[in-house]
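Student: Chains A and B supply the protein sequences, listed in that same order.
Per my numbering, residue 4 is the first one in the first sequence, and the count goes up by one each step.
Per my numbering, residue 4 is the first one in the second sequence, and the count goes up by one each step.
Chain copies aren't distinguished; within one or between two, either way the pair holds.
Under the rule of at most 25 Å between Cα atoms (straight-line distance), these lysine-lysine pairs were calculated in the DSS-like manner:
1) Lys-80 to Lys-117
2) Lys-139 to Lys-30
3) Lys-80 to Lys-139
4) Lys-153 to Lys-175
5) Lys-55 to Lys-142
6) Lys-153 to Lys-139
7) Lys-30 to Lys-117
8) Lys-140 to Lys-153
9) Lys-153 to Lys-142
10) Lys-140 to Lys-117
11) Lys-203 to Lys-274
12) Lys-142 to Lys-14
Think of the hints as simulated: they come from the structure by calculation, not from any bench.
There are 2 protein chains.
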Amino acid sequence: MTKQDLFVQIKKKQSFLCVGLDTDLNKIPEYLLDTDDPIYEFNKAIINATAKYCIAYKPNLAFYESAGLEGWLAFEKTVAYIKQRYPEIFLIADAKRGDIGNTSEMYARAFFDKLRMDAVTVAPYMGEDSVRPFLKKDKWVILLALTSNKGSEDFQLTEDANGEALFEKVLKTSQQWASEEEIMYVIGATQDKLFERVRKIVPNHFLLVPGIGAQGGNLEAVCRVGMNKTCGLLVNSSRAIIYADSSDDFANTAAKEAEKIQLEMANMLNKYL
Amino acid sequence: MTKQDLFVQIKKKQSFLCVGLDTDLNKIPEYLLDTDDPIYEFNKAIINATAKYCIAYKPNLAFYESAGLEGWLAFEKTVAYIKQRYPEIFLIADAKRGDIGNTSEMYARAFFDKLRMDAVTVAPYMGEDSVRPFLKKDKWVILLALTSNKGSEDFQLTEDANGEALFEKVLKTSQQWASEEEIMYVIGATQDKLFERVRKIVPNHFLLVPGIGAQGGNLEAVCRVGMNKTCGLLVNSSRAIIYADSSDDFANTAAKEAEKIQLEMANMLNKYL
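Bound conformation, chain A alone (with noise of 0.2 Å):
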């Protein structure tokens, strides 16, 4: 999917809305326990109430990887589910992978070669050889830079002597390594004071932003200074959405807060695109 095909979603939908997949045994209506595949039917209900609201969706490998192998099989059956029913969706593994080459290499397969997932998050702390087995055609790599936690504080924010931040070190460096056709980059909703920053060095990158409902940030503010020419945004919400009722009719909620961030953001792209 190029950064057109996105946009062309975007418009179509009037939404930029990305729904974190990040489906949690303990958290999911207990109703669904009794079931052969709780984890899927959870997520299958999710994705058939929201894929109108959304372009993408973002399932996170850790609440898969914490239940095992069900975990996985789970995981697998909803890539294929969002494959063959949303063929227009765009699919991110939120992975956070990153590791010495021939290792990046793997997961690279595991993600685009046999999930055939879109794009995959990746961590830059290796640097370039752990980010480059990333990089296949017609596929997105996406960037930690600046993330949406307290604890990006910690080393995101470090200057080097000529008062450059290592989130700007991550995103200048990266861009020598790919284009704007195969690199997105991680900049947190919280992170709001921070965005001209980011984009006086990548004005026309597709971001992914994590970080508006549950932790905080603010759409508005995200938008005001985040969007580009072609939008150049992908908003996640994860657990204001899926997990915005336990009941019975969690899927009917799911949809309403889906329907209500994106009829937000359309009025976003109406004012800021």
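Since the structure of chain A is provided, determine the placement of chain B on it from the hints.
Tutor: Below, chain B without anything else, positioned relative to chain A:
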């Protein structure tokens, strides 16, 4: 397993070797591909051949994930086999995870509660709250500090206004989060020129040292500057042992290669401890 427990094993086996189980279906002897679970059969043969020469195993998750469901099953079976047959062995999940708090917590559950690993490798980029969930009683975090690959130069060596490199900041900052009984650091064997700067900050910690063998690091150089009074080193070798021989005799050859390193390590313990 405490630092002292590890040291007891090191003295007993006269070895501080960690064998990396980077098991790749494309590299294992062909006849194994006819068995029900080739990855597991390969691992079992390698483990039985090398257990007396090493004190730790380090399966690299990428290799198992890339084989999908069968890979995860083989990983779980391998871990269970080691736990049952060689309970004195230190088990490291080489996962290089690190995510916002609630997600890291899910990974910690996966590796520690579900799989009963002793340690997990964690990437520091997202800071304190991404690492803390892995700090559990009797378990170890092994934090990436200075890795063995070429890309380590891209960000890990970046210096701040005071001349402190990022890897040094990671070592210093993370000591506020955990004691030397809870945290170790990944320091590549190829970085022997920087080991002195590492040991200045973490004189007593254990270091996990990958990069001898296929990646070109030198064992004696590492021991000369890296060894401390409880050894303080777990030196990993993966490909140089497990793929030393692609014939049906692979396990015997692996044993010989592991023994060769163990004898060298006995020598180093005698010389530098």
